[in-house]
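Construct the entire structure; sequences and hints are all you get.
Heads up: the sequence lines are chains R and X, in that order.
Sequential numbering of the first sequence, starting at 158, is according to the numbering used here.
Sequential numbering of the second sequence, starting at 36, is according to the numbering used here.
Derived from the structure by calculation, the hints contain no laboratory data.
Treat the hints loosely; a few may be bogus.
Simulated restraints, written as ranges between beta carbons of each label pair [said to hold, decoys possible]: (1) X:Val71 / R:Glu177: 20 to 28 Å; (2) X:Glu169 / R:Glu177: 42 to 50 Å; (3) R:Arg298 / X:Thr332: 53 to 61 Å; (4) X:Glu292 / R:Ser170: 45 to 53 Å; (5) R:Phe306 / X:Arg318: 37 to 45 Å; (6) R:Asp313 / X:Arg263: 22 to 30 Å; (7) R:Ala273 / X:Lys261: 34 to 42 Å; (8) R:Pro287 / X:Lys326: 13 to 21 Å; (9) R:Phe306 / X:Asp329: 50 to 58 Å; (10) R:Glu255 / X:Lys261: 31 to 39 Å.
Taking lysine-lysine pairs in the DSBU-like style, the calculated list, with each CA pair at most 35 Å apart, reads [unchecked claim]: (11) X:Lys261 / X:Lys286; (12) X:Lys131 / X:Lys174; (13) X:Lys129 / X:Lys39; (14) R:Lys256 / X:Lys131; (15) R:Lys266 / X:Lys39; (16) R:Lys198 / X:Lys287; (17) R:Lys263 / X:Lys51; (18) R:Lys198 / X:Lys39.
Rough simulated footprint, nothing fancy, chain X against chain R, three-plus residues with beta-carbon under 8 Å [what the hints assert, rightly or not]: (19) 225-239; (20) 255-269.
Ideal Cβ positions, reconstructed from N, Cα and C, are used throughout, including at glycine.
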Amino acid sequence: MTVQRVWTLFDRSQLYECYECSRCSGSCPVALSLKGLGPRKILLKCLQQGQEAVIEDPMLWYCTTCQVCEDRCPQRIPIPELLTGLKNMASRKGNLPEKIRFSVEKIAKTGRSVLAFRVERERERYGLPPLPEVNTEEISRILAETGFFRDLAAIDEKP
Amino acid sequence: MSLKYAFFPGCIIPTKYPHFESATRAVASALGIELVDLSFGCCPPVSNMKLVHYDSWLALAARNLSLAEEAGLNILTTCTGCVSTLKEANYIMKEKSNRRRKVNRILSRVGRQYTGAIQVKHLLDVLHDDVGVESIDEKRLFDLNLRVACHYGCHLFRPSYVMYPESLSPSHSYVPTAMDNLVEAAGGTAVNMMRRFLCCGYPLAASVDEESSYEILREKLQYIRKARADLILVACASCFEQFELGQVMIKKTHKEEYQLPTLYLSQLIGLILGIDPKVLGLREHIFKVKKLLDRMTERRSKAQVSV
Chain R
158 MTVQRVWTLF DRSQLYECYE CSRCSGSCPV ALSLKGLGPR KILLKCLQQG QEAVIEDPML
218 WYCTTCQVCE DRCPQRIPIP ELLTGLKNMA SRKGNLPEKI RFSVEKIAKT GRSVLAFRVE
278 RERERYGLPP LPEVNTEEIS RILAETGFFR DLAAIDEKP
Chain X
36 MSLKYAFFPG CIIPTKYPHF ESATRAVASA LGIELVDLSF GCCPPVSNMK LVHYDSWLAL
96 AARNLSLAEE AGLNILTTCT GCVSTLKEAN YIMKEKSNRR RKVNRILSRV GRQYTGAIQV
156 KHLLDVLHDD VGVESIDEKR LFDLNLRVAC HYGCHLFRPS YVMYPESLSP SHSYVPTAMD
216 NLVEAAGGTA VNMMRRFLCC GYPLAASVDE ESSYEILREK LQYIRKARAD LILVACASCF
276 EQFELGQVMI KKTHKEEYQL PTLYLSQLIG LILGIDPKVL GLREHIFKVK KLLDRMTERR
336 SKAQVSV
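Okay, structure coming up:
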């Protein structure tokens, strides 16, 4: 997986539209509690140090995906798309939170993001039908085609 | 307009909050909405799969859309994460022909195709637009008489050019009003609080930093309390969890109490329609709603109500 992949999701020239007004970080919920973080910092780091530096940084994941940054940006830079691209690339290099890795592996294995354990009793109590069967074979086939298993396995092979 | 939908409850509500599902089914039955169960898989979430493996996210979402297309039904979902994934995937597959070709090639290997034939709607929009505020107003039995802080969340309406493209202002902005309209029509007061569109912080708690997510929540709770709201209304199970558990955690760490009950959308609508609170699962809440229910009164006659 080449690093260029970020730019298939986000047009690189849009980085230059930013004039550092900081409206994005000013609205960012994470910047509210963790001063100094925010989308502006990530965007500038991309420009100044290149995306390689950004995708190594675990602080990239300090984001609630609320997408207010895009809403507020006066230049209409699609910041969440940039962050999605960067996080995808960060994941390929093994920089991803444990809880998130656990969730996506659960989806790949069971077709659901939550373990359906002892759920039927509660559902029965509320008069609900049992959970429908998910075609896990079909999902596995799709994930094999998209390269999901290959890319996740590659994380663990890194030195 | 046909009120028949493919029901997409997601993963969290059917497993962790089944009473939201039973409330939704009861409300649907009372309003003439028909819900059809298909074997959907995980949407998958914008807060994990999309950030780790974008191609898989799009392909699995397109698979779910193709299931609904096969049944010839629009999707009704009770989860904002699901509506974000499915609406955005629908948008991307329609707008980006090279991605559509790539995904359809993968789907054909499992005998499926995406054709872009159906729409995706959140329960809030089905209630507000398809069923209609007036229709709900006519069918309700009670006046709410409560001050409600409507928390729309984030994934429900952002980015607005994907989620509500037909409702943008001339300057391409969008401010949601559906929940406020429903609360007002139900005889309640939708309070206006500062930072009402601030994220609740849940995705941060679910990935890297619980403590900081409660700092974000605290900001919201302080403004909600200042606006003298009686309860918080949400359209998302994750927001619900954040408001309930967050208040418990904030009490431990900051010794602050807000005592604000939270209701999921179909629970509130169920209450004013006169559905049994047991079916709505009100006993499952940490912050009880029971004392607020005494403030509800029987609906005034139609002649007195101005819609």
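Results of checking the hints against the structure:
Distance hint for Val71 of chain X and Glu177 of chain R: a CB-CB separation of about 51 Å, inconsistent with the stated range 20 to 28 Å. Taken as a hint, the range 42 to 50 Å holds for the pair Glu169 of chain X and Glu177 of chain R, whose Cβ atoms sit roughly 48 Å apart. For Arg298 of chain R paired with Thr332 of chain X, a C-beta distance near 57 Å keeps the hint of 53 to 61 Å intact. Between Glu292 of chain X and Ser170 of chain R the beta carbons are some 51 Å apart, a value that agrees with the proposed interval 45 to 53 Å.
Look at Phe306 of chain R against Arg318 of chain X: about 43 Å separates their beta carbons, and that is inside 37 to 45 Å. The hint said 22 to 30 Å for the Cβ distance between Asp313 of chain R and Arg263 of chain X, and at roughly 53 Å that hint is violated. The hint said 34 to 42 Å for the Cβ distance between Ala273 of chain R and Lys261 of chain X, and at roughly 41 Å that hint holds. The hint said 13 to 21 Å for the Cβ distance between Pro287 of chain R and Lys326 of chain X, and at roughly 35 Å that hint is violated.
At roughly 56 Å, the beta carbons of Phe306 of chain R and Asp329 of chain X sit within the given window of 50 to 58 Å. Distance hint for Glu255 of chain R and Lys261 of chain X: a CB-CB separation of about 37 Å, consistent with the stated range 31 to 39 Å. Using a Cα cut-off of 35 Å, the hinted pair Lys261 of chain X and Lys286 of chain X holds, with the two alpha carbons roughly 18 Å apart. With a C-alpha separation of about 43 Å, the suggested pairing of Lys131 of chain X with Lys174 of chain X is violated against the 35 Å cut-off.
Under the criterion of a C-alpha separation no larger than 35 Å, the hint pairing Lys129 of chain X with Lys39 of chain X is consistent with the structure, at around 24 Å. Restraint check: the Cα-Cα separation between Lys256 of chain R and Lys131 of chain X comes to about 31 Å, which is no more than 35 Å; the hinted pair holds. For the proposed pair Lys266 of chain R and Lys39 of chain X, the alpha carbon gap of about 31 Å is at most 35 Å, so the pair holds. A hinted pair counts as satisfied when its Cα atoms are at most 35 Å apart, and Lys198 of chain R with Lys287 of chain X qualifies at roughly 33 Å.
With a CA separation close to 16 Å, the supplied pair Lys263 of chain R and Lys51 of chain X stays within the 35 Å bound. Between Lys198 of chain R and Lys39 of chain X the alpha-carbon distance is near 47 Å, which puts this suggested pair outside the 35 Å criterion. Note: the segment 225-239 of chain R has 6 residues with beta-carbon separation from chain X under 8 Å; the three-residue rule is met and the coverage holds. Counting residues of the segment 255-269 of chain R whose beta-carbon sits less than 8 Å from any beta-carbon of chain X gives 8, enough to reach three: the coverage restraint holds.
Going through the hint list in order, the structure does not satisfy hints 1, 6, 8, 12, 18.
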